[in-house]
Amino acid sequence: MSDKTQRLEIVTPEKKVFSDNIRYLIAPGAEGELGILPEHAALITPLKIGLLKFDHDENRIIMTVSGGFMEVRDSKITILATAVERLDEIDVARAEAAKMRAEQRLAEKAPDLDVLRAELALRRALNRLNAVQ
Amino acid sequence: MASLRDLRRRIKSTGNMQKITKAMKAVSAAKMRKAQEAVLSARPYAKRMRGVMGRVAAASGSVNHPLLAVREPNKVAYIVITADRGLCGGFNSNVIKMAAQTLKNTSGEISIIAVGRKARDFFKKAGYKIDMEYVGLGDDIKYSTAREINSNIVNKYSAEEYDAVYIIYSQFVNVLVQKPVLIKLLPAEAPEEGQAKQVNYIFEPDSPKEVLAELLPRYLENAIYQGLLESKAGEQSARMTAMENSTKSASDIIDSLTLSMNRARQAAITSEISEIVGGAAALE
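Listed in order, the protein sequences are those of chains B and C. Take the first sequence: its position 78, counting from 1, is numbered 85 in my numbering, and each next residue is one higher. Take the second sequence: its position 250, counting from 1, is numbered 253 in my numbering, and each next residue is one higher.
By construction, these hints were calculated from the structure, which means they are not laboratory data. Treat the hints loosely; a few may be bogus.
[Stated by the list, open to error] The calculated lysine-lysine pairs, modelled on DSS-like cross-linking and capped at a C-alpha distance of 30 Å, are: (1) C:Lys-159 to B:Lys-55; (2) B:Lys-23 to C:Lys-78; (3) C:Lys-78 to C:Lys-251; (4) C:Lys-145 to B:Lys-116; (5) C:Lys-50 to B:Lys-83; (6) C:Lys-37 to B:Lys-22.
Computed from a predicted structure; not experimentally measured.
Turn these sequences into a full structure, and let the hints steer you where they fit.
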């Protein structure tokens, strides 16, 4: 891999999560996984629930992302994420509980059920649990 | 002149009050630090969001989207954010004053979305229509609150129940300065940031419209969230400043009361001595 790097910034509404130079990034774009290398063409896409993978100081870093946006421009990637977590930050118990709750809600099929919301909650929980395993 | 006993009592009660204001100051100082940290760490996201929003709007040209639809402003909604509690100087009244002034100059049907007990109480008393109220949000501002407010106003705007939505809150400039601001949320306008440079984006999915449809609600949500955070940080720092001032003026009052007490005591002693001297002179 070449030594060229690009700037990656990951921000959530609460805080700046990551800001440094990286070589590659794999992100769950709205239309499928995207690999971003330095000097990528300008791009904007919503992100799906999934994993962000990139290298930082010879380490491979994996983070879960619960949706958001990615902008690529002049070898600078900005990720506006709803929520991101490093693998060691994931609260397994909370994710398990969220999964149970969402599954229960979907199974009960209450008339006022927001199916989309429950499904999204379930997918976020599964994403976190899968990432840990 | 007040009696010695009265003065002693007043010094004591002022001292007790000072203890309270001092404790409140310490509490709000700690809360302020937290709120300030929250608002500062939320600013990068807000800034980038505005940048992306501006560039996407510039790149996508004129797009039809329900949230961009400009209508005759017959039904206007104002989100007014204040604190739940008082004792924070002019913080609440500054926001309310600005809001009341703005409302007076608004023609058409007005709805209020009150955030914070002070805003709700004021506008309820003033006889405005309160569509939604959010009180007792606590010291920890949650993003989900902003999301909830946003989805409510977006629904009403899409249903044409509102023709325009504004947000009024107090911006946290620094610990001593909070500035009430009025910001237009809907119809959404692209921020100026990032407008200058036109970037030829690849859009995924391949239409700016869909990207914009995803981006716009997030953008509004964030604007509301930012307002909530700024207001919270402002409230805490205003309270801290107010409590510091009251602690200081309690000290001043105690000082001047102590002075008059000493004078009164001295006067009593002097008159006692002259009585004794007078009595002794009468015996000679």
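Hints, one by one, checked against the model:
Taking the CA atoms of Lys-159 of chain C and Lys-55 of chain B, the gap is about 27 Å. The hint holds against a cut of 30 Å. With a C-alpha separation of about 38 Å, the suggested pair Lys-23 of chain B and Lys-78 of chain C falls outside the 30 Å cut-off, and the hint is violated. The suggested pairing of Lys-78 of chain C with Lys-251 of chain C is violated, with an alpha-carbon distance near 47 Å, which exceeds 30 Å. In summary, the hint linking Lys-145 of chain C to Lys-116 of chain B is supported, as the alpha carbons are separated by about 28 Å, within the 30 Å threshold.
Annotation: proposed proximity of Lys-50 of chain C to Lys-83 of chain B holds, straight-line Cα distance about 15 Å (limit 30 Å). For the proposed pair Lys-37 of chain C and Lys-22 of chain B, the alpha carbon gap of about 13 Å is at most 30 Å, so the pair holds.
Checked against the numbered hints given earlier, the structure breaks hints 2, 3 and satisfies all the rest.
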